[in-house]
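Protein chains in written order, with my numbering: chain V, 1 to 315; chain S, 1 to 299; chain L, 1 to 340.
It is worth saying that the hints were derived from the structure and are not from the lab. Cβ coordinates follow ideal geometry from the N, Cα and C atoms, glycine included. A couple of the hints might just be wrong.
Claimed, not checked - Computed, partial: chain S to chain L, Cβ under 10 Å:
hint	residue
1	I39
2	V40
3	L41
4	I135
5	F138
6	I271
Okay, here's what each chain looks like letter by letter:
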Amino acid sequence: MSLLEIADLSVTYASRAGAIRAVRHVGLRLERGMTLGLVGESGCGKSTLGKAVLGILPRGTTLEGSIVFDGTDLACAEEAVMRKYRGRNLSLIFQDPLTRLDPLMNVRDHFLELIRAHEPDVKEADALDRARRVLMAVRISPDRMRQYPHEFSGGMRQRIMIALALVFHPSVLIADEPTTSLDVIVEAQILELLQSIKREYDMGVLLITHNLGLVAEYADEMAVMYAGHIVELGRVDRVFAEPLHPYTKALLESVIDLDTTKLRSIPGQPPDLLNPPSGCPFHPRCPSALPECPAAFPATTRPREDREVACYLYP
Amino acid sequence: MATAAISMVRRSSLARMFHLFWGQSRTVAGVLVWIGFAIVLAFIIMAIFAPWLAPYDPNRSIERFATPPSAAHPFGTTPLGQDVLSRVIWGARIPLAVVAIASVISLSLGAPLGLVSGFYGGYLDRFLVLIMDSIYAFPGLLLAVVVAAVIGQGVLNVSLVIALVYIPTYFRVIRNHVVAVKEELFVEASDALALPRTTVVGRYILPSVAQSIPVIFSVSAADAILTQAGLSFLGLGLPVDVPDWGLDVARAVERGFQTNWWSAVFPGLMIIILTTALAFISEGLNDILNPLLRRREAR
Amino acid sequence: MSRAAGSLRAYIIQRLILTVPMVFILLTLVFYFLRAAPGDPVSAILGERNPELGDLLRQQLGLNEPLHVQYFDYLRRVFTGDMGNSIFTGRPVAEDIGRRLPATVELAIASMFVAAFVGVILGVVSATHRDRPADIISRLIAAVLYNTPIFWFGIMMQLIFAVRLGWFDVGGRLDARLSLPPSVTGLYTVDSLVAGDIRVFFDAVAHLVLPATTLGLVLSGFFARMVRANMLQTLQSDYVEAAEARGVRPFTVFYRHALKNAMVPVATTMGLTFAILFSGAILTESVFSWPGMGSYVADAIDARDYPALQGAVVYYAIIIVVISVLIDIVNAWLDPRIRY
């Protein structure tokens, strides 16, 4: 059985302007020791997916489908059950480390709060011991535990966030754009760190990013997301070698490397999740659009071994 | 980046503002504003039509002393035998008149000064800010009391006093708003397009600044009514016996309110209702026009 | 701190320098209003009855000198602390103020306790139940409290609790039959504890209850609004979401993260309000016959006691300038975007 199995998940936000369908009929599977890269443009619903798994979506959001973890369907679990999982079996690291720590609390307090939230009777000495160990694993000196967030750089704060996420050795780690606001060198360090920890703790990692380079380097499998739908899913090396969905192709073509002479972008505008195009939402911008595309979203097929695509080109 | 700046330009038109407000009518904030508006309107009507609405002449002594609420006098009578209900109805005139006059004066002096000060900056700005801050720092009632003690009584005098208290408020908010808007991207963008200064002010800065005026007005109006009532209570407001809520409370206290609580309670309740209605308006408007308080929209 | 310490120090110095013109402007305004404005203080006191006495009084008060001489004389005297003698009490105004000040301070402290306590509770209830009935009711209570005329509220408190129920005295600081505790701070509550006189202590507290509750409740409406607004913002912060994602209980999230961070700007405002209370709550002190700076001003106006009024206002002006400078400095320290 998979570590985390998401089936037919749809997430809809209620906003003043109307219903925003951020995630539509998404199916994903995460295994132990695997890094699944989830790629897509900003605003395509990737972050929403991550938050949906942890159940921390704002009030008024509707969830349909199932998220099965450890035999429990998280999509309809009780809040008390979810709280036990959060931070302990399932962890989420966010994108902007600069604002993710309480400015009025030092690192030591952050750890104590977290550990006590899940183990209220723990002794302070034990808790601090565990905190120190995990801080060392992310290469932050435990001597700095009494310092405040503003005394650390962005990269270090992200490492503190990772440490907090790992205290209880979760089986699933969701990293939502963990390095987007950091410079390239720090980015490499953090991702290497995540890789080694994944191996050490035998976790499944869902790496949410818009950076294809990271996916190529660090992910085993990848899922491509557009307007809330998963349009392609498969092993990273195979997808890169032979992208099937037109959107995936366009994405890969737009990546710049040393041989690039001409910039290629995808024509048109990113879809408005309030009022997405009908049928397959990519059809207005798709170079291979077919007449049936606007009618209904295509079913997911398996034109290759270990590959899923949702496109009328591969019926 | 450019698209954001341009859409901000479009959003700054007054038409958009009204459209936004209309769309909010059914939210909590919108309802609040409508209720407040209705109540204030009711008070204004009550004040204007007082001669027809009041059952008795408010200054005439009908009874010989204070009588408790009864069928003939639903709010009882004052120690001088005047009908409290009539006095309460007529009593709306002075506060509303004073606050209206004072607000007009404050707005016409404070707002243009704020605009000029914020827009041109420099030494003029520093000088004005210094003066306004000095006056603003003074607690409103205290300032009003001191100036009123010297100027003397009368509707116009009281209006001037209260106007003085709120000029710095209008000035400050407008000036700070202008300074903030000046730094906004779309003004820079319009500079890049070489639009003449007056267009910049008229089309972009004014509508944006104008949005804050109703909020300032409703907040300072509520405060002004309380200040005016306080002045009257202390005997600094108007010549004796013009019906006025604050004054009536003071009169009731003078004659020992233990035995005529009704002549103090009802005028006070009126003040509370009117000022709370104004507070509804200001809070509702603030909720609607201030996007920071909006719930986090989906990302 | 990423900001250069030098720029903060420069700002402080700049701000302090600006206090000088501010004080002068205020003093000048006070002078203008009380001396140069229409209305002769002497005839206000004596009427037209006694012209010789009137002239004598004018001579004594220096009202016959040319205006600019009066002005400089006035400035000189302010800086030496000589505010003249009160027409009403005959004592030096500076001395009167010294005696009245502790009463105002005591009331200010007690009121702030009430205001902060009630205000924070109302604000938190509102913010954590946004747009639900509890929020609407709290906001309504806060709005009504804030918009109630203080003098009327005080009178109602007196009516209900002093007259009808008889729990408290109608006014004053202490029962007339009790003796004052030896003066250490001038605050009866503190002094009586220091002297070990429990009976006086309880009586002093009992006399504080009504006026402090009146003033405190009205202020609490204002604080409740602030707390609500700030907390709504902090509840949306990134660190709150991150704490939630770690499985921290909602209760802890609300209080340890959201409220604590929300209180930072509120605390500044509370400090400012507290300092403003130092200038005396005119209406509350009048209603409860509380012998502080507020009722001093009210009495001075009634008695046309211009030296007293002038002295009190000069005192306020100085306090206010000091307070506003301190607030500006604290604000600049906390928020690097605010500069002149």
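_Name the hints, by number, that the structure is in violation of._
1, 2, 3
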